[in-house]
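Q: Chains as they are written, first to last, in our numbering: chain A, 1 to 75; chain B, 76 to 592.
Treat the hints with caution; some may be incorrect.
Below, simulated DSSO-like cross-link-like pairs (lysine-lysine); rule was C-alpha separation at most 27 Å, straight line [what the hints assert, rightly or not]:
| no. | chain 1 | residue 1 | chain 2 | residue 2 |
| --- | --- | --- | --- | --- |
| 1 | A | 27 | B | 405 |
| 2 | B | 545 | A | 27 |
| 3 | A | 12 | B | 405 |
| 4 | B | 161 | A | 27 |
| 5 | B | 280 | B | 159 |
| 6 | A | 12 | B | 401 |
| 7 | A | 67 | B | 161 |
| 8 | B | 154 | B | 240 |
| 9 | B | 165 | A | 67 |
| 10 | A | 67 | B | 238 |
| 11 | B | 280 | B | 163 |
| 12 | B | 163 | A | 12 |
| 13 | B | 475 | A | 12 |
| 14 | B | 543 | A | 67 |
| 15 | B | 543 | A | 27 |
| 16 | B | 481 | A | 27 |
| 17 | B | 404 | A | 12 |
| 18 | A | 67 | B | 240 |
| 19 | B | 436 | B | 481 |
To give an idea of the chain A side of the interface with chain B (calculated C-beta under 7 Å), a few residues [said to hold, decoys possible]:
| no. | residue |
| --- | --- |
| 20 | 13 |
| 21 | 54 |
| 22 | 56 |
| 23 | 67 |
Take a look, some chain B residues computed to stay more than 10 Å from chain A by CB distance [as the list claims (entries may be wrong)]:
| no. | residue |
| --- | --- |
| 24 | 135 |
| 25 | 166 |
| 26 | 322 |
| 27 | 395 |
| 28 | 420 |
Quick caveat, the hints were computed from the structure, so don't treat them as lab data.
Cβ atoms here follow ideal geometry from the backbone N, Cα and C, with glycine treated the same way.
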Amino acid sequence: MERIYEILSTIKPGVDYENAENLVDGKILTSLNIARLVAMLNDEFDIEITPIHLIPENFNSVKSIYKLVTMLDGE
Amino acid sequence: MPYLILIFFVVFTLVTAIIYAVSPQKFRYIILLVASLISYGLFCGFGTAFLITTIVTTYVAAIIIDKISQSYSPEGLSKQERKKLKAKIKTKKRIILAIYVFINIGILLILKYFNFFASSSVKFFSLLKVNVSAPVISIALPLGISYYTLNAISYVVDVLRGKFKAEKNILKTALFISFFPQLHEGPFGRYDSLIPQMTSGENIKGKNLYNGIGRMIWGLFKIFMVSNRAAIVSDEIFNNYSNYGGIIVIMGMIVYTIQLYAEFSGYIDIAGGISKIFGIQLSKNFDMPFLARNVGDFWRRWHISLGSWFRDYIFYPVSTSKLLNKIVKKINPVAANFLIVTIPLFIVWFLTGLWHGASSKYIVYGLYYFVLMIIFNLLSPIADKILLKYNISSENIVIKTLSITKTLLLVGIGMLMFRAENLSIFVHMISSVFSKSAEFQLYEVIDSKELILFIISFSIILISAFIKLKGYNVESKFNTLSLYSQYWICFTAFCVVIIFGAYGLGYIPPDPIYGGF
């Protein structure tokens, strides 16, 4: 989880990621941010995030991102 | 033609709604399909064959892909074997998708882009002093081909991604692709959200009926009260561009932006209104675009359904592709971060430009936004850090106003390029802003009565946007009124459009701008 906070802060600093629950729906993260985030997550955790996973529910909060990473890591 | 389409849609919707209402619930979606195919056939004649081809290939491709997916049975296999089998199935599905896309994009390319590419090639070879000739295809572009082709592709790709199962009933697939309100100017829709609504056979309820009629009249208001009048001024400036310069060109740019917004969002309101009568909610296509803080934000508010189509079916697949990720892994992290966004963005904006029309102007139009987004992407983290350092909120009123003004200016330049006949005229107009001014007698172009009606009507649109911004939902309020009140509001608004609308003798109806795509 800590690593996800770090990655997000590199991509878009100044956001209260601990409490944010609408990163995509609230237009805090754009598709360009998501593209960078996916590349960094794939690299960092050796997972394969594909377009089917790229839905707002999976990226609205750090918790949901962590859940996605954990799920893909177990596959 | 534009009036004919609108009158046709109003009458056609009325007849369809009556037949729909008296039909048994389970057959109602067939009524919608028949109505869609009849309306398409009436407008396109032979062009219907292309629509039918897309329907049949879409249906077959989705069924085959689904069958391939079902053939995956991992029981008793080791992890390695499972991985191998998965990869094999994935390849098979992709081959079917590739054949399907080849057929449908092939039709689109030949009908819409062949002449452009052929004439560009001839020009290119003539530069090399090689004389070649190219055939010219003179088949009329089938109505809405760019819309229904992309809609159909989204359905097949979603089946491939496992988002839902392939539809076994070809009539339902056909309805999704050919639904008549959407075919003219969109918006793009997604199968999983639209088909349950389209096939539910919902009764025509008074609430939906008046809500739908209200939306249609609001759309007609935007087109006949605002857009058609704005067209009088913008046509004068753009058709006689060499006579004008300075502030007049800027005025032309602003008026054309108003014209395009009122017309396009008007047609979308009409499509949404017709669909609402049958209990179908189309996807949102506009969200106060002129309050956007940057050009990326603008495209998330303008023609939203097109932007989300390109995001989901081009941008994300390219940015997450193994090939691109393999390439960027080999370079330094800063360049990798840049390329992982830049390459897919370039493809998206090149295609977005091309989608708007078969000419180099539209390609440059798309790439203009690509360049702006890359610049924004590079500068925004720096701006974020500066704001953070000085503890300035991005919601600060000064920052917000500056961001919106800057975006309006950049979008305005894009609109100028979009409207100018070609790139050299665009360059001429841009340079004339600084190099010359010209006399412009507004009242010689548009008489005072028309101008006043335009200002009042446009003010109503602005007020409605302001009310929405303040959190007051006019549509919800309208829905809570009695059917009697709703009837009188619709009737009065319709009379206003009929009496004061800009149509008929003395007006040259402009062609629907987005209808040409």
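Q: Each hint should be assessed against the structure and marked as holding or not.
A: Hint check:
1. About 31 Å separates the Cα atoms of residue 27 of chain A and residue 405 of chain B, which puts this hinted pair outside 27 Å; it is violated.
2. Under the criterion of a C-alpha separation no larger than 27 Å, the hint pairing residue 545 of chain B with residue 27 of chain A is consistent with the structure, at around 19 Å.
3. Under the criterion of a C-alpha separation no larger than 27 Å, the hint pairing residue 12 of chain A with residue 405 of chain B is consistent with the structure, at around 24 Å.
4. At roughly 35 Å between alpha-carbon atoms, residue 161 of chain B and residue 27 of chain A are farther apart than 27 Å, so this suggested pair is violated.
5. A C-alpha spacing of about 53 Å is found between residue 280 of chain B and residue 159 of chain B, which places the hinted pair above 27 Å, so the restraint is violated.
6. Restraint check for residue 12 of chain A and residue 401 of chain B: satisfied, since their Cα atoms lie roughly 24 Å apart, inside the 27 Å limit.
7. A threshold of 27 Å between alpha carbons decides the hint, and for residue 67 of chain A with residue 161 of chain B the separation of about 23 Å falls inside it, so the pair holds.
8. For the hint linking residue 154 of chain B to residue 240 of chain B, the alpha-carbon distance of about 26 Å falls within 27 Å, and the restraint holds.
9. A threshold of 27 Å between alpha carbons decides the hint, and for residue 165 of chain B with residue 67 of chain A the separation of about 25 Å falls inside it, so the pair holds.
10. Taken as a hint, the residue 67 of chain A and residue 238 of chain B pair is honoured in the structure, with Cα atoms around 19 Å apart against an allowance of 27 Å.
11. With a C-alpha separation of about 50 Å, the suggested pairing of residue 280 of chain B with residue 163 of chain B is violated against the 27 Å cut-off.
12. Between residue 163 of chain B and residue 12 of chain A the CA atoms are separated by roughly 38 Å; this puts the pair beyond 27 Å, and the hint is violated.
13. For the hint pairing residue 475 of chain B with residue 12 of chain A, the CA-to-CA distance comes to about 18 Å; that is within 27 Å, so the pair holds.
14. A threshold of 27 Å between alpha carbons decides the hint, and for residue 543 of chain B with residue 67 of chain A the separation of about 36 Å lies outside it, so the pair is violated.
15. For a cut-off of 27 Å, the pair hint linking residue 543 of chain B to residue 27 of chain A stands: about 19 Å separates their Cα positions.
16. The suggested pairing of residue 481 of chain B with residue 27 of chain A holds, with an alpha-carbon distance near 19 Å, which does not exceed 27 Å.
17. At most 27 Å may separate the alpha-carbon atoms for a hinted pair to count; residue 404 of chain B and residue 12 of chain A meet this at roughly 21 Å.
18. Straight-line distance between C-alpha atoms of residue 67 of chain A and residue 240 of chain B comes to about 25 Å, which keeps the hinted pair within the 27 Å bound.
19. Distance restraint check for residue 436 of chain B and residue 481 of chain B: the Cα-Cα separation of roughly 23 Å lies within the 27 Å cut-off, and the hinted pair is therefore satisfied.
20. Because the closest C-beta pair between residue 13 of chain A and chain B is about 6 Å apart, less than 7 Å, the hint holds.
21. Annotation: interface hint on residue 54 of chain A holds; nearest CB of chain B at approximately 5 Å, less than 7 Å.
22. Hint on residue 56 of chain A is violated. Least Cβ distance to chain B is approximately 11 Å, over the 7 Å limit.
23. At a threshold of 7 Å, the smallest CB-CB gap from residue 67 of chain A to chain B is about 18 Å, leaving the interface hint violated.
24. Chain A leaves residue 135 of chain B outside its interface by the beta-carbon criterion, the shortest separation being 23 Å against a cut-off of 10 Å.
25. In this structure residue 166 of chain B is separated from chain A by more than 10 Å, as the shortest Cβ-Cβ distance comes to about 15 Å.
26. Consistency note on residue 322 of chain B: stated as away from chain A, and its beta-carbon is indeed over 10 Å from all of that chain's, at 34 Å minimum.
27. With a minimum CB-CB distance of about 6 Å to chain A, residue 395 of chain B fails to clear the 10 Å threshold, and the non-interface call is violated.
28. With a least beta-carbon separation of about 7 Å from chain A, residue 420 of chain B fails to lie farther than 10 Å from that chain, contradicting its non-interface assignment.
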